[in-house]
Amino acid sequence: MTTDSMLPGTSHLPSRWRGYALLAGAVAGLWLSGAGQSASAALLYSASLQNGDYGGGFIVDTFSSCTDADGSSCGDGNLSNIGIVDTAQGVDFTASNAVINYSIGRDYGSSVQSSFRAQGTVAVWLRADVNAFRTGQPFTDNYGFNQFNSGQGTFGVGFGRIAGPDTVINTGDDRLSVSWGTWHNNVWYYHTVASPVQLELGRWNNIGFAWGGAGNDFEVWVNGVLAAPDNLPYGVAQSWGSSGVGLGSAYNFALGEIHERSVGNSSTYGISFADLEIWNEYRPLGATVVPLPATVWLLLPALAGVGAFARRSRT
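Heads up: the sequence shown begins at 30 in this note's numbering, then just goes up one per residue.
Treat the hints with care, as some may be off.
Claimed, not checked - Restraint-style ranges between C-beta atoms, simulated for each label pair: (1) G106 to P225: 18 to 24 angstroms; (2) S93 to A161: 25 to 31 angstroms; (3) Y263 to T96: 41 to 47 angstroms; (4) G244 to V197: 19 to 25 angstroms.
If you're looking for bench data, these hints aren't it; they were derived computationally from the structure.
Keep in mind it's a predicted model, so treat the numbers as computed, not measured.
In this text, a Cβ means the ideal position worked out from N, Cα and C, and glycines have one as well.
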């Protein structure tokens, strides 16, 4: 586990790379795509998710009804049963009601909500535990917790557990399957059907969901590699959701499941998250990181001097 403070400008990197980040930049140039963030870049939220750093997000309690649009004052205030454990590595989701909400509508207003639905990116590091991981949703939106059934969603990512090469479910080689759907004028469209995305359990992966780019309408990226490009049928508006329902789609955008929270909860759990970014623009590589080539890693100790940089690890 790592307890070191992060190096400036490297919060988007997995902690096992942060120790070399500055030197790697000098040696490898632009190997780390997306590391430079312009002053005009629309980074809405950036959260290490380590030691309780939610970067402007907050835990939402369970409740039977709620009069608060962003959910921050709903429930009985006892968050001990929410299924969130803060660690130095990241945040662990341990139950299906785990939710960290980012209220775009409250924090930025309706115009940003609308532009976020037309063009945006969300990226996070994750590690699903081989034994504890369970199917559920890691990203959803809603149009206000004080709306019908505490808010409907029009954006949903799902993580499922499927059998791996041994074809037997609930064994050590199972895979995490990724699905992603968005709602357009009363129709849901799914973006990983033609290109299924699967991740290994028990290891850290950097996954990004990007939409509104010049190349494809929707893209899933894993560790800097395009895993699933998708385009809507001709004539379907690219912007997902609606401004005319509730307080508008994406009023709330959460790590966890917030669709009809008063009715039920189905967040994915048995999983750790770290280094979350939510952008109000399409980001190259889905804001994920391209690993440095092995030849650069071999050069770094000699260039830095033995012991000059403490290598951190996520294990």
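Unmet hints by their number, sorted upward, for this structure: 1, 4
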